[in-house]
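Novice: Now for the letters of each chain:
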Amino acid sequence: MDNLNLISPEIFISLSTMFLLILGVFKKNSSNIIYNLSIISLLITIILLFNNPMTNHTSLFNKSYIIDYLSSFMKILTLLGGFFVLIVSSRYLKLFKIFQIEYPILILCSILGMMVMISSNDLMVFYVGLELQSLALYVLASFKRDQLKSTEAGLKYFVLSALSSGLLLYGCSLIYGFSSSTNFNVIAASMTPDHYGLTFGIVFILVGLAFKISAVPFHMWAPDVYEGSPTSVTLFFAIVPKIAALTVFIRFLYVPFINMIDQWQTIIVFLSIASMIFGAVAAIGQTNLKRLVAYSSIGHIGYVLAGLCVGTNEGIQSSIVYISIYLVMNLGLFSCIFMLKRNNQYFETINDLSGLSKNHPLLSLSLLVILFSLAGIPPLAGFFAKFYVFKSVIEQSMYFLAVVGLLSTVIAAFYYLRIIKIIYFDKEKEKYDTDHNIWLRVSLVFSTLLILLYFIFPSKLVEIVSRINII
Amino acid sequence: MNFPILSSLILLPTIGALFLLFTKNTDKSHTVKYVALFTSFVNFLISIYLWFLFDSSTSSFQFIEDKEWLKGFVNYKVGVDGISILFIILTTFIAPLCIISVNNTIKVRLRDFLIAILVMESIMIGVFCSLDLVIFYIFFEAGLIPMFLIIGIWGGPLRVYSAFKFFLYTLLGSVLMLVAIISIYWISKTTDVIQLYELGIDTKYQNFLWLAFFSSFAVKTPMWPVHTWLPDAHVEAPTAGSVLLAAILLKMAGYGFIRFSLGLFPIASELFTPLVYILSLIAIIYTSLVALMQEDMKKLIAYSSVAHMGFVTLGIFTITQQGIEGSIIQMISHGLVSAALFLCVGVLYDRMHSRLIKTYGGLVSVMPKYSILFMLFTLASLGLPGTMGFIGEFLILIGTFKDNFLVAVIASLGVIFCAAYMLWLYRRVVFGKLINEDLLKISDLDNSEKFILWSLAIPILFFGFYPEPLINTIEISVKDLIEMYNFNLNMYMPEVQNNG
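These protein sequence lines are chains A and B, in that order.
For the first sequence, our numbering begins at 1 and goes up steadily by one.
For the second sequence, our numbering begins at 1001 and goes up steadily by one.
Calculated directly from the structure, the hints in this document are not laboratory data.
Everything numeric in this text was worked out from a predicted model, so none of it was measured.
Backbone N, C-alpha and C fix where the C-beta goes; we use that ideal spot for every residue, glycine too.
It is possible that some hints are incorrect.
Pair ranges (Cβ atoms, derived) [claimed, not checked]: (1) Gly-197(A) with Asp-1202(B): 36 to 46 Å; (2) Lys-460(A) with Tyr-1049(B): 31 to 41 Å; (3) Arg-467(A) with His-1030(B): 30 to 40 Å; (4) Asp-1202(B) with Lys-460(A): 50 to 60 Å; (5) Met-1352(B) with Ile-438(A): 44 to 54 Å; (6) Asp-1066(B) with Gly-177(A): 54 to 64 Å; (7) Ile-1416(B) with Lys-431(A): 34 to 44 Å; (8) Phe-270(A) with Ser-1455(B): 36 to 46 Å; (9) Thr-1058(B) with Glu-463(A): 36 to 46 Å.
Distance condition first, Cα-Cα at most 20 Å in a straight line; then the derived SDA-like pairs of lysine to any residue [stated by the list, open to error]: (10) Lys-1071(B) with Ile-464(A); (11) Lys-341(A) with Ile-464(A); (12) Lys-421(A) with Leu-1012(B); (13) Lys-358(A) with Pro-1157(B).
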């Protein structure tokens, strides 16, 4: 019974998903109710999570499921991400006539999958969670089903993701073969570092995970999927699944394979450097805002991986701080995108932002703050995110990684500056509609203020995160 | 002294800017201007009061505020010594003048412009009084945002190119400094400047760290060959932006050299002095020659800024009392003089909408008052005795002679070149025949322009004749800095020689 109490958030969210599904089937025109109910059930799940013991480290179900501070923190982050995605996207969905019951339910399903991933301490549990979230995401990507680009995005994502899942499973089976267990702790205990089989297993699993977080060179799907999916789903893709995948990355690398750090560190460093440089360089030529966000998220994942590869608790914490701040920045950016509506049409190319600052001074000011923060210019939150990462990277004397990373921020700054240039320096176009949803405003103001005022209390977030000690 | 006077200096302009943000945005209204002017003027008075309270008989940092910021890692620590206080006063002095000068130059989005200027002022004061490397870096970099917008929104035709060049050049220079700062934290376990002065930094890391800091400061100074962003930025920026850029932004780097390069890495500084000498000499001679050939007045003054900053870096790395004092005074005087010169060009540009020298000629008959003031600033720029420019250049050259005769001789050539291009500029613009008929229609200085230019002229003359107050303020701090430098050098140098 204790076990069930500890996983009450997961139980609650799965029950409410099923309930909402049934409600949707039996009640006509219930999309509005279901939408609001799913937002509420996400909030309740967060409350249930806070109810969990935060301090101790509990393993359930033959140690295959783990509840600790890391899992609680990341679950709250995931749920908050899902919550904000839902509250900002209702307008958008209604306009595109895809405001259907399946949308919030699929989001709840994928969040459930992510929660399982976050808590998994076993390769099988992890895989089950991963597939649950991926299946929901495939459908979400092609949610605008009468549109060619959206269906293409869904199909592309499905095919490539299935391939990577296959690789991942193959890695799992190799690891099982060489360590005779799928449980992370047992693998750690029975591991002999000189086994090539294990190394191959790690590589396959890392490939699968790198695909999920779209790290170079497994990023090819990201720009197309980001562009083709409905914008609200793009927002979801950009922030939420990355949190879960990052947690699995942390657990997988630091629990069973911490002793093999020499073997996987190079791989992660490579992924990190490649993502940072590629994300920065490839984004320069983009004109579609969503594609640009895709490349920028590839770049940001590079920084997250840089924090992950150093092999210390500080490194892990810096990655988590990074992804939290990254979540807030993207939320703000997308809230702005959702606000740019003219004659019932949304705008996605960056040239549509031309001269925005003359007609919408406050909106462009928020965009300015968010973009400079994404570029990592102090004193905005994005700078601190990078600062912590490089602090832990330099601690381990990985100067090459630090210098490459910081130089790629300069390249990346170029394309963020280009958007700012378009907003502030170019000639204005027609005004956008001023009728904005209250929730959009709330999330925009919330994220902008967080980014702008982060420097006043910079150690609050770090303090919370610093309780995560994996090693 | 518990009142956080430095923090209030930093915060006040930002509070003013916030206040402006919530006022109604009309381009005609003068209220925004008065609010901004009031804020910056109060800030100026506070900084004068700070100078009054300042105790110049000690070299230790004063008005220190130390608050926990990033827990267990970085403290928000600010304080001033004799070196930084003058820069703070320069900043608070120039900012109100910039705000007055917007009258004729800024036609659109006046409120946003004033916000940018005020935020810039906050940031610049922050740079000069931060006593922690991380805080310094944050202020140093944050300045890019408002300046980028000032150039980009209110600049001339090529503003986008210049703004990008300015931003990316400076950012590229400073990211290496960030690596160095974090490395210093891991080497010495602190980024507190005062503690680092006491602890010293392990000699084997100093060279790399020095180079990383140098990459940032050299771009910002700017030193040859990374000076190319400066002429572009100056030419395209609106007058007030050029003034801020020339008068204060460039001084951040000179200040950084004194405070960090000399203070933290004495051994590396000693090693790299020849490099700085050579780059400074090239800057002085080469950019003077380039300045001679310019047809755009703003560009000419921009190149002259590079040459003058060459003198500053030269003076700093002589590591003599006179050299460093001279550099500081040269920076202050260049801050005032270049601000005045850019404003002079701005005055002409507002009337004729041309910065080309050949548009003008014979102005003396149309604008006599302007011609007098312009003459004064030209002479101050070339370092005529009796102006502040002379004190700075003279002290720097004395310091250089002490250190290296040949370098001093070459640098002295730069003084002659400077006289050549400045006087030639003056002759072409003010004297000669009045050919351009349009010039007959323009009026002489109006009241606000007179006010700005005279308020710059008075300190230039006053401190030119009587530099005592300035020298008194900086003397002890510079002396102690040099003592500390030599002490560290003697302590570690034998060790380095043995190892090498």
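Novice: Would you say the C-beta atoms of Met-1352(B) and Ile-438(A) sit inside 44 to 54 Å of each other?
Specialist: 52 Å, holds
Novice: With 34 to 44 Å as the target window, see if Ile-1416(B) and Lys-431(A) comply at their CB atoms.
Specialist: Since Ile-1416(B) and Lys-431(A) have Cβ atoms about 59 Å apart, the given range 34 to 44 Å is violated.
Novice: Using the beta carbons of Asp-1066(B) and Gly-177(A), state whether their distance is inside 54 to 64 Å or not.
Specialist: Holds, since Asp-1066(B) and Gly-177(A) (Cβ atoms, about 59 Å apart) stay within the stated range.
Novice: Per the hint of 31 to 41 Å, is the separation of the Cβ atoms of Lys-460(A) and Tyr-1049(B) within bounds?
Specialist: For Lys-460(A) and Tyr-1049(B) the Cβ distance comes to about 35 Å; the hint holds.
Novice: Going straight from one Cα to the other, do Lys-358(A) and Pro-1157(B) come out at no more than 20 Å?
Specialist: OK: Lys-358(A) and Pro-1157(B) at ~19 Å, within 20 Å.
Novice: Would you mind confirming whether the straight-line C-alpha gap from Lys-421(A) to Leu-1012(B) stays at or under 20 Å?
Specialist: 29 Å, violated
Novice: Against the 20 Å threshold, does the CA-CA distance of Lys-341(A) and Ile-464(A) hold or violate the hint?
Specialist: 38 Å, violated
Novice: Does 36 to 46 Å hold as the CB distance between Phe-270(A) and Ser-1455(B), or does it fail?
Specialist: About 59 Å separates the Cβ atoms of Phe-270(A) and Ser-1455(B), which means 36 to 46 Å is violated.
Novice: Starting from Lys-1071(B), check that the Cα of Ile-464(A) is at most 20 Å away, please.
Specialist: 12 Å, holds
Novice: Starting from the range 30 to 40 Å, see whether the pair Arg-467(A) and His-1030(B) falls in it by beta-carbon distance.
Specialist: 54 Å, violated
Novice: Note whether the CB distance of Asp-1202(B) and Lys-460(A) lies within 50 to 60 Å or breaks it.
Specialist: Violated, at about 33 Å.
Novice: Are Thr-1058(B) and Glu-463(A) spaced within 36 to 46 Å by their CB atoms?
Specialist: Roughly 38 Å apart at Cβ, these two residues keep to the hinted range, so it holds.
This entry does not satisfy hints 3, 4, 7, 8, 11 and 12, going by the numbered hints stated previously.
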